[in-house]
Amino acid sequence: MKHTLRQVFQSGKFLIGFSIFSFILLVVIIYPRVITDPPLQIIGQGTFFPPGLYVNVYDSLNTPYYTLNLPNATRNRIASKLSDEDRQAIKEWLTAVGISEDQIDVENTAQLLEQWANNYDPTLRVPGMTNARRNYFIRLNSSLSRLLATEGVSIAVRNEETGELEEIGAVTQTDYVNASQVPNVRLLLLGTDNFGRDVLTELVVATRVSLLIGIVAGLVATSIGLALGLLSGYVGGVVDDVITFITNLFIVIPSFVLLILISFSIGQNQRGPITIAVVIGFTSWVWTTRAVRSQVISLRNRDHVNLSKLSGYSIVHIILKDILPYIASYVVMALILQISSGIIAEAGLSILGLGPRTTEVPTLGLMLYWAMIYQAHIFGKWWAYLPVLITIALITFSMNLMNTGLDHVFNPALRD
Amino acid sequence: MKGYRKYFFNKLVWFFVTLACAFLLNFILPRQMPGDPVAAIVARQAQGMSNTAGVQAIYEQYTELFGTSKPMYEQFILYVRNVLQGDFGFSFSQYPRTVLDVIRSALWWTIILQFPAIIVGWLIGNSLGALAAYLKGGFDKVLLPISIFASSIPPFGIAMIMLVIFGVTLQWLPTSGGYGFDLIPNASWSFVWSVIVHYQLPFWSIVLVTIGGQAIGMRSMSIYELNADYVKYSRFMGIKDRKIVGYVFRNAMLPQITGLALAIGTMVGGALVAEIIFSYPGLGSTIFTAVLGQDYPLISATTLIITIMALLANFVIEIVYGFLDPRIKAAQAD
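Residue numbers (this note's numbering), protein chains in the order written: chain A, 1 to 416; chain B, 1 to 334.
Same shape as in the complex, but just chain B (with noise of 0.2 angstroms):
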């Protein structure tokens, strides 16, 4: 257990190092903008709003909140306290309610999106990589091709394409939003039934990106364990094929599953962008509803939730391979 509580203890350190120099390059980049941000903001912001009271309201509160004329490093302690506290100040675009507020009605549709939609995505492609490298022939010759026209195609071309065919030439499935327009969310049948219809085309296309790069890097890597010296050991020790496969499939499996914890950032990043097209009522959409309003202190929080999300979905998957790959449980019985 000793060599294992090590590997933990290695993961659990490295996440807080990566979480805190995230959490500084959130803090630096916007500070980075040219001018008084707060002035340059809010004097935007006070073009389209006919509320003064609610202009004069964010200035103060963000002059306080920021606190720009302070030094550099009082404002990095303060906004610490205040993202420690969860307080992200008002959104802009949509004042009064809180920066908070907003993130946290869209942050669980992301979750419930966009996890089981890698997941089942990453399961469905390292199979069909891996029977591609096993049967060759026929099948790997169809299914290289059509994977790698499938990963050309960009997650945002996808989602679009699906909610062509699906949506708006079929009409089997509605094309925008997270349930019917027409509903107030609640407990009841309708509906949890119009979530999940509206849940069918933003999880379909991510599962399908992910499918492809999945498949390519999966039937590579089976294709290289397939030759490996092990393999035709075992085939001249009379070991059934199919005893041989399970071997193979699961010391491919390793870097996939390494590979999965280094592209959960890029992959969350394509399906955001899934997200917007349908307009899923998630981060994605969150993200772009604050550019379209400038809305600063709303896309500092998203991305920062992003990022946090990312970090962690990363930490979980490095916890799990610890006990998956063989080399950390050898170093466990020592």
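Next comes chain A alone, as it looks inside the complex (with noise of 0.2 angstroms):
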């Protein structure tokens, strides 16, 4: 046992996806600890916030501020604002009203802007413009104005009794906050989702609901294929006969198919995460049982087992002690297999939206459904589905890897 563990665990493949295995559990484990935020609280007003630090603009205010004359500020300030895209945009308009283009440059912001200024009218229809590109700029006109102004701007209040603004404070280009002393400062690093939840911290609590989902899977499915098997390859007859004629059966029925049709008939209100599990596990216990039938045919014969049968041991005894330790191995691989697609059928079934119910837990597969019902991966929301994909990715190529570097140890023929 000792010598097998050391062999794994020299094998490259299997330590590589060992270590990314334990990161990612580490990653779940830990995180929760050190930021204890509800994972399904909705703290964003709107969808897809991009991802980034957020400081509170009023607290800001409050701050003390700091003077810094950073050489680039007044050049950022305008490309925020005003993008290559938008400066094409403008020599567009401009030789579409009549300006010949070598009098338009580009690069030279304050001509262009009065250029801009003197010709943009809203009201004028150019021809074969369409309705969205007239919105565009008409957007952009109103983000242009007070580009180059050079003046701050002033913090005012509303009097309560006259009901006119008093200024209480002025603003100028060059004054910063340090973020570290205002007093409200949130840092989405994966931004929020469609419904305004902190991506970063649903994704954490998903990848514990999902490798549970996963693992409950697998072992429901595991126990099954092991009981099955063993019961088929070492009784044999009519059991075998009844057992074989059932795998055969559902390995030729599609079990995404069994799956759908379980999951619907349970119904939404009793589909808990564990429910799937279950589910899951039910449904792709075939091949663990083909195997270790098979395997278990091979071994039925062997002389140390006819010496137990000789020397009177009881079936349970013979199956526990004779048969299991050469069959461990592949049971364990089967097992880490079927974790693994335990979590892939998870996220396909909730993309059909047949997954848990959505109250109490996120899952992978329900982060990336409510992506794909609000467009994400259509409108460019990366953070809200990309980091589940990797992340289920991750899982499954680390298990993959493990299984791998486990064949090549204990299936010498596979060896370079």
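Hint data in this document are derived by calculation from the structure and do not stem from the laboratory. Since the model is a prediction, treat every value here as computed from it, not as a measurement. Any given hint might turn out to be false.
As the list claims (entries may be wrong) - Derived lysine-lysine pairs resembling DSS-like cross-links, with alpha carbons at most 30 angstroms apart:
#: 1; chain 1: B; residue 1: LYS240; chain 2: B; residue 2: LYS141
#: 2; chain 1: B; residue 1: LYS136; chain 2: A; residue 2: LYS13
#: 3; chain 1: A; residue 1: LYS321; chain 2: A; residue 2: LYS2
#: 4; chain 1: A; residue 1: LYS13; chain 2: B; residue 2: LYS141
Dock chain one against chain two, each of which comes alone in its own frame, and use the hints as you go.
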């Protein structure tokens, strides 16, 4: 046993897979202890806030200002409102209203903006321009106002009695606040999802739930597979015939179809994560049964088994002591595969809309489902689906690697 | 010929037995649903429907169609008779279309998409796997981790990534649908071209998914065969390498064909989800809309059709396998 373990951990592939898996496990365990926000709390009013550091504007007005004279500040400010694309669009408009191209210099911001101010007319209908494009120009125009202003802005409060604005402070263009002095700052590393929930916190909990689903599904499938395989292989006769018939039947009937039928029949309210996991387990034991059966048949008539039989040991004893150790490596590998395919099956079911009910816990599949329903992938909101996909891929990749590593250790024919 | 006829006959009987069992499951499973399914379904449906005459028609149609008040075996006979006549009733979510009508329009999209894609992926995957086993060294070292990683990305993941890269970022190919939304199906060139363009992303994403798994299997199988005694013996005999590779490839191929027959059900499941990502108008998207609309008759009928398709594909592969496997040929000679 010790020797085998050492051999397993010397396999590079197993080690890489094991490290990735342990890393994911560690994150799933440690993260919720450090950041204790409830994962499904809706914090954002709106959909798909991009990843980044969110600083409270109100609080930052009340923190001390520092004056920093940074050389690129003005250029950055202009660039954030006026991208290269916008400059080309302005050029397009200007040429459309009849200014020759050599008079337009897209790099010269001051001149470009002056030409724009003189020539832009929102009521003008340029022939061949779509409505969407017209609206774009209207938006562009409003974002360009005061772009080149150099004075600051004032902060005012409304007097409750007179209803007039009273200036209480001013902000110049060179004022900075120190983000660590602002009392309310929230780092949303992966932004928010379509409901306005913190994606990273949700992802960590979802990974935990999905792993749990995978493990339960894998354990259920492997136990059924092992029990039926042992029974069918060792007992033989009618029992074997019946089990083989059922196994062959469920191999050709697509298990995914069974999953869909059962999940739909259970109904939305009864579908918790564990129920889904058990259903997945119940539909994916066939391969294990088949493989265990064929291995047990080849073991059944070995000398050491016959010897135990002659010595009068019970069937349970023979199976535990003389047969299980020989197929243990295979069963472990099957378990690992079942876990990863269980996670994928849950995700597939959820994408169909048949995943666990949505009110209590997130799962990786549910996150994908909502991202897909809100078309995050079409609108380029990568943070809503890509981290989820990467997490699923990493989990399955690490498990497949561990499996390949184990295969190399236990199956000498595959060694280099 | 006698041996093959027996083999064929065996497979045919097995096909009908599995079909009967699948049919039975399709009948029994949904009936385990708690409560009166018809009343529950119609009540749920009636909330969203303004057409009260339609609700009434559905309710009467289904109590008659399912005969829920009758004993189980009578319901089963009723079910068999209806299905044999192709009568699956009305679709809830797309009333007044019938379920048969909905499925008929979706079925061809799925068949034309999935089977070529799975076969192409299977061929490419097996060639790559055999090549990796034969060449070893650098090619194998690169290909194996890539295939393991590729087969780790679930089918829907590959579909989403391809959609984002080629459909959204590069804008080479359309992101959804089976043809342009501004077209009506007809025999014109622009329609055919639109179908071909829309076909690419779902097709290649299914191919990619299939390649990964097949390459790994074929590699292990080929390495196993390359170390077999008959290969060493052939080498001692001085038989040309090319000819030995032919033997090895053939022997490694046979289990892969059985593997394809057995895995076709799983592959179809993955491909169905890929269809949803691309909103391809096939059976996968049909299930998706049926689940959204709580359209029970449509789900039941679609799953039955998919099962029959998978069973048929399995049957055809096994028949072809009978021609290829020398052991069955040997039985024919007796």
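> Hint by hint, which ones does this structure get wrong, listed from lowest number up?
Replying inline: none
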